[in-house]
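Taking the hints into account, I'd like the entire structure generated from these sequences.
Chains as they are written, first to last, in the working numbering: chain Z, 1 to 101; chain H, 102 to 250.
Hints are supplied without guarantee of correctness; some may be wrong.
[Claimed, not checked] Some, not all, of what chain Z presents toward chain H, calculated at C-beta under 8 Å:
1) Val14
2) Leu25
3) Asp26
4) Val32
5) Glu36
6) Gly38
7) Arg67
[As the list claims (entries may be wrong)] Just so you have them, the derived chain Z footprint on chain H, three or more residues with Cβ under 8 Å:
8) 109 to 117
9) 197 to 205
FYI, nobody ran anything at the bench for these hints, they're computed from the structure. C-beta: ideal position from N, C-alpha, C; glycine also.
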Amino acid sequence: MTAPAFDEIIHNPVRLRACAMLAGLDFAAFPVLRDELGVSDSVLSKHLATLEAAGYAKLTKATSGGRLRTSVSLTATGRKAYAAHVAALRSIVGAATPGLA
Amino acid sequence: METDPLDAQAAVDAAAAAELRSAQIATSTPWYAPWYGITCAGFPVMFALLATDKMALETAVTMATIASLLALMFTYEHVTGVWPSIRGNRRHVAGILAVLIGAPTLSCLVASAYGVSWWLLAVAVVTAILLALMSRSYDAALVRKHAAR
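In structure tokens:
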């Protein structure tokens, strides 16, 4: 059971969805995240930089077939923070709707 | 920070939808399970051949199995752009590992005692079918888990 902990960094809608997508994965390719989140390269880069600076995400760059490929993963700290943040959101919802907590 | 319960609910829904979408992408390859099953059928064959000193054939089967596994992993990652995590799915993974270890062990023991014959084909076919079904079941469980949230 994860203890609820609201996280301002993760709460941003783009970062929350990025963390949610990465939570069940070892990694995702940058273009997959970009397309699924419906944001531009630069917007996603900015949000991933914020997650990376917080120690929540890790970006790995590798050359494959002469092309630079970037993959993104959540760190162990990022996974814990995401789980705690979702638990905090659920407790807020539950507090407002007794019986759902 | 004060968060409105409606905002919190919207955030929970958005996160759940993104988790489900991620699971759907990771399981969007119907060809993965049969390819994986057929490839892994090479393991019991490899070990049976190893136990009976059929080295040339064993080397060929080993090379083919490894090449097929690498091609499967490369193709999967290239097509989906993701790599699923086994966290939270340990029971399924343990079942797959049991077959991956059990079938080669069994074929090695039987081959040592009786040599290689028709039974090896049966073990390979059963291994392929079991692992393909387990892979499919793993995918279905993953999507179900996220869809239920």
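Hints, one by one, checked against the model:
no.	hint	result
1	Val14	10 Å, violated
2	Leu25	5 Å, holds
3	Asp26	4 Å, holds
4	Val32	4 Å, holds
5	Glu36	6 Å, holds
6	Gly38	11 Å, violated
7	Arg67	12 Å, violated
8	109 to 117	holds (count 7)
9	197 to 205	violated (count 0)
Checked against the numbered hints above, the structure breaks hints 1, 6, 7 and 9 and satisfies the rest.
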